[in-house]
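Participant: If you want the building blocks of each chain, they are given just below.
Number of protein chains: 2
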Amino acid sequence: MEPTRETSGNEASQVSEALATRRWEDVRALLSQRHPSDIADIIIELPADDEGIVFRLLSRNAAAEVFAYLPYDHQEGLIESLTREELSSILDTIPDDDRTRLFEELPAEVTRRLLRSLSPDDLKQARKLLGYPPNVAGRFMTPDYVAIKPGMSAREALDHVRLHGQGKETLDVVYVLGEAGTLLDDVRIGSLVLSDPDTKVAEIQDPALVSIPAMATEDEIVHIFEKYDRSVLPVTDDAGVMLGIITVDDVLDIAEREATEDIQKIGGMEALDAPYDEVGFLSMTRKRGGWLAALFLGEMLTATAMGHYEMEIEKAVVLALFVPLIISSGGNSGGQASSLIIRALALKELNLGDWWRVFRREVTTGITLGSFLGAIGFLRIVLWQKLHLADYGAHYMLVGFTVWVSLLGVVSFGTISGSMLPFLLRLLGFDPATSSAPFVATLVDVTGLVIYFTVASVILRGTLL
Amino acid sequence: MEPTRETSGNEASQVSEALATRRWEDVRALLSQRHPSDIADIIIELPADDEGIVFRLLSRNAAAEVFAYLPYDHQEGLIESLTREELSSILDTIPDDDRTRLFEELPAEVTRRLLRSLSPDDLKQARKLLGYPPNVAGRFMTPDYVAIKPGMSAREALDHVRLHGQGKETLDVVYVLGEAGTLLDDVRIGSLVLSDPDTKVAEIQDPALVSIPAMATEDEIVHIFEKYDRSVLPVTDDAGVMLGIITVDDVLDIAEREATEDIQKIGGMEALDAPYDEVGFLSMTRKRGGWLAALFLGEMLTATAMGHYEMEIEKAVVLALFVPLIISSGGNSGGQASSLIIRALALKELNLGDWWRVFRREVTTGITLGSFLGAIGFLRIVLWQKLHLADYGAHYMLVGFTVWVSLLGVVSFGTISGSMLPFLLRLLGFDPATSSAPFVATLVDVTGLVIYFTVASVILRGTLL
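Same order as they appear, the protein sequences are chains A and B. Residues in the first sequence are numbered from 0 upward in steps of one, following numbering that gives the first Met the number 0. Residues in the second sequence are numbered from 0 upward in steps of one, following numbering that gives the first Met the number 0.
One or more hints might be untrue.
Below, in silico cross-link-like pairs of lysine to any residue (SDA-like), each with a Cα-Cα straight-line distance of 20 Å or less [what the hints assert, rightly or not]:
#1 K199(B) / T181(B)
#2 K226(A) / E10(B)
#3 K286(A) / E348(B)
#4 K148(A) / V160(A)
#5 K286(B) / I375(A)
FYI, nobody ran anything at the bench for these hints, they're computed from the structure.
Chain A extracted, bound-state conformation (with noise of 0.2 Å):
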């Protein structure tokens, strides 16, 4: 077999070809030796119509597996068209747990269409997952693992496996329960391969049990994974009876929306829980349009403050000048910080009490750091007036010691407020993500304004204002 390489548009206008002059077999040839995600891929590019015969000609097991890997609007299209049977045998063939994410996915319509058509054990399983809320171990669970008795031999527990695990998820590990369907232990089936065929289960060393409580959120997850870099983990309830197994695979897909999502709150908008193409006008600009409000809502307060300070603005509007070069110093600060402490939080870098330690420092770099932007900021205004490519007047002296104390102040001032902001909003509860760059930059933009023209109003007092 080659090796699968991307596949390009090519192929699926030769599938499309091969449609169009009912050429069936060589459709199926074309896809035969394809990976699922390949003829996915493929099926997407063909014209609405052509996806369902496409999808016909596969077999049961294909057509189920091409099925998890298709985009949910294309699912949806599928499902639409396909008779009640035909969903029921791709449905019975699909993983759980990519099952029940389909059916969280959908409308609610599609969903009870699809709910009918599963057999009445596969529907007891689908509600079982779904009791859980949403985004915990439950949800991501499969059961579609093999358990063997701590008794056994390694050969009985290999006949076991032979007997009972086909079609399972993963045979990688099998799990030792004992009474009442309590987690004991865990075994990898190279393990038991390696062992001599006599010695018993529990005698096998292997290397220490871990498993994930049902109700671990998606970032404990993901730190359990990473903590013990596993390939697939068992969940267990509060009594340590066995749920299910979670396997890396999907955890990594949860590990990627993670970041996604605060990446897209930490650039100041509502995360999309979809891909860039597959989120509608109206949603995308809702999502982006109402964070975009609520934060211009914010910078409202600016002009009020400016308006605040028109008669210093009146009397001296060099100072007017450096405005924008003084808040925005502030909000990239704080913007820094924020993105900085939220990452280190999500990854369990920093917890909570981690707070103090963190302030300390960041009052040291805050400080350092706005020092040192004064400084190029005094030095700019002075070299400026001196080879006269500006005139900021007879005090362009104190006109600089005002914007280097200003920056000072207000580059600390963001520094700390970024930083300790994602504590404060994970304190009561809400994701730190939220603290985004433009919301510290909005908030630094109000107080920069004031700091400038208050200490503009000390070291100016009696020259400019």
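Put chain B on the given structure of chain A with help from the hints.
Facilitator: Just chain B, lined up with the frame of chain A:
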């Protein structure tokens, strides 16, 4: 064996006590049933002198595993304190890929000392892995896999695994190699167990073979694992010869690190390459201060731009009041668009070729969002005037229109440049994440001022200006 939970400082103090009273057996007992990752957590809590003692009390295998879980500075400390024989014994036992990355992180002097303690075979292996450029698949692979021949039966293959599988990193999948080591297929060990013992390996129906080219980048590795949902994948060279395997636990680490780097860059700083707490004050200040200074230099252009409009501000101070509101709205919409596109590019939801489609979409989005924010701004000005909350003069309606039209222009410009910059950077071979929110904001701040004062000079000519 009890399920392992997160360790507490409590265990560290028990170990400390046992060490102080030289009860070595108690220390061994305290650690014996723990996961290496938890033992590493305990060791970190101990005084530096005790670390080496606890380490020597561990079995050779346990020591190597615990070593791999320690942060680099603790590894370095241990390397300094262990004898050459102890070192060599540990290094021979830790997985090749972990060892390679250890070498990369350590100072050159320590690396040299480490390489000297390797056996000649291991040295050759480490050097071979090190021959690949950083961050490509060749650097993450381990040669610890089991290879079988296509002519073997399932029984022969399992016997072969029994004979050659001891100490391999994973036995979940074995690899069918042809002449000269060409990779022909991969077979799950579970499938070997399930098959009739006389079935030829070549006839076992497993999912299609997927392989990773040795020069694949981190993005590509993560993408392939996500696409095909595997726990381990083979790495091949251009000729299809098998070089090693990459396990998904490493891919999860890569994905998390990539997302962290992107978040830090989007937040407007250099990527840290280490957890928050492990970065020294100087290095942290440099990585944050460098970007802040660069952004500050860019923002200085706003002072120049404002200088150009000093006359206009003097004539109509009311214009200055809305400067922060207008430039921050441009920055927010730009930062939002750039974060969104950076992440979509990183996840390969979008490619370079999609720029035109994105452009058209973002133009519409920008105009919609700009008109919307502009309308709020206009209403705010008219309302405040009518409610006597502020006095924007006789021409407040014209001022309101100026703000509206400016916001339409600034937000559209912000959205378009924020979404196109990541594409441009990718085209030029740079990391799209460099087009951080603050970088876009700086660009938009300067342009925003020009747009605002140009619009004002058109609308307010003959009245205020």
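Participant: Compare the structure with each hint and give your call.
Facilitator: To see whether the hints hold, each was checked on the structure:
Pair hint K199(B) plus T181(B) holds up; C-alpha atoms about 18 Å apart against a cutoff of 20 Å. About 18 Å separates the Cα atoms of K226(A) and E10(B), which keeps this hinted pair within 20 Å; it holds. A threshold of 20 Å between alpha carbons decides the hint, and for K286(A) with E348(B) the separation of about 19 Å falls inside it, so the pair holds. With a C-alpha separation of about 12 Å, the suggested pairing of K148(A) with V160(A) holds against the 20 Å cut-off.
Between K286(B) and I375(A), the direct Cα distance comes to roughly 17 Å. Compliance with the 20 Å bound is thereby established for this hinted pair.
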